[in-house]
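Quick note: the sequence shown uses my numbering, first residue 1, plus one each step.
The set of hints was computed from the structure by calculation and includes no laboratory data.
Take the hints with a grain of salt, since some may be wrong.
[Stated by the list, open to error] Each pair of labels, with its calculated beta carbon distance range: (1) Y204 <-> Y175: 21 to 29 angstroms; (2) N226 <-> R206: 53 to 61 angstroms; (3) R86 <-> N226: 30 to 38 angstroms.
C-beta atoms are modelled at their ideal positions from N, C-alpha and C, and glycine is treated no differently.
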Amino acid sequence: MTTKNETKPILLIDGYHLLHKGYYGTLKRKKLSRNKDGVPINAVYTFAANIFKFINSNKYHSIIVTFDVDKESFRKQLYPNYKAKRKETPADLVPQMQLARQFLSAANITWYEQENYEGDDVIGTIARIANKLGYQVRILSNDKDTFQLVNEKTYVITNISKKAETHVITPKEVYEQFFCTPEQVADVKAMLGDTSDNIKGIRYMRHKQVYMLLKKYKSVENIIDNINDLSEPLKTSISENKDLLILNKKITTILTNLKLGRINFKPTRITYYKLIKFLKAQEMYSFVRPIRKKIEEISNFKTINDQSTTKQFIKTQIDLKNTKQIKVPKPNNALKHNKFKNYKQKRFS
């Protein structure tokens with residue numbers, strides 16, 4: 001049975017993914033846009049453009065953005081070499097990360113981050129809660145770690161750009177890529193390692209062996225518990241790397257139980273006036289004109305809606321039994337002069 005919460009999905013966005021995509025996608029330009037303080041705004045500009053695109057698509061019940069707080073997550077504490085080979089964040093991208101947060105706050109778009117954890121953990125927690133409440137979820141990220149969050153209600157959207165094709169990752173696509181269920185993605189990475197995160201896997205362990213083990217034992221923990229049932233040399237290999245496997249599983253598993261407080265799943269409602277103030281301050285003027293046009297459309301719709309309400313009010317007064325028919329000004333006149341408070345109506349008998 002379809003519930004009210006299932007009409008439109010919630011879009012969870014990996015904020016840093018979207019910022020990095022905007023940053024590197026505009027580096028080829030001869031001159032990067034800057035605000036009055038000389039801070040580059042190429043990444044946050046593209047970030048904002050994508051957010052507006054998702055809002056205007058009218059496909060989503062609400063949009064929520066997540067961020068990493070810093071590199072010193074609990075994973076780094078468990079394994080100091082975690083992501084050690086990744087390049088440093090470009091210096092001119094760093095201030096834009098804070099600008100992206102300011103943009104979202106000005107626009108009244110919900111965003112979350114949690115100290116000591118990564119954005120993926122925040123996404124995982126919100127996705128779990130949303131599913132529990134009956135919402136469908138779409139996760140915008142190019143990080144394959146998020147594939148472990150995929151289920152019948154949650155899909156991952158990858159490769160969002162003008163040149164790249166959009167891929168929607170469902171449980172079927174996860175199996176086609178990893179030959180396992182979404183719940184086992186962390187186990188695959190724990191055994192084989194992950195070069196992008198600088199995670200070392202079991203030496204000489206082959207993909208086929210991993211898939212066969214997981215098909216039979218379901219998880220790394222169960223493989224270790226049944227180590228005596230394994231044949232050589234696999235038994236020795238697992239035994240010698242037991243501590244590594246346990247550590248890797250902790251690192252590769254996205255948490256879904258963070259204490260984020262009450263999650264705001266209300267439909268996204270932009271605060272246009274605050275947003276315009278922010279955009280002007282950052283000299284992102286190309287967004288201002290269409291937003292002002294949007295405000296005019298909303299104002300015109302509200303005026304029409306108010307007039308329709310007034311007409312219905314008048315009709316109701318005429319149709320009511322045991323009341324005296326009253327004379328009222330035309331709707332426009334009533335709205336303009338606000339004379340409703342002066343009308344006297346005979347009490348019901």
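Okay, the hints, checked on the actual structure:
1. Y204 <-> Y175: 21 to 29 angstroms: holds, 25 angstroms
2. N226 <-> R206: 53 to 61 angstroms: The hinted range 53 to 61 angstroms is violated for N226 and R206, with Cβ atoms some 19 angstroms apart.
3. R86 <-> N226: 30 to 38 angstroms: holds, 36 angstroms
When the structure is compared with the earlier hints, a violation turns up for hint 2 alone.
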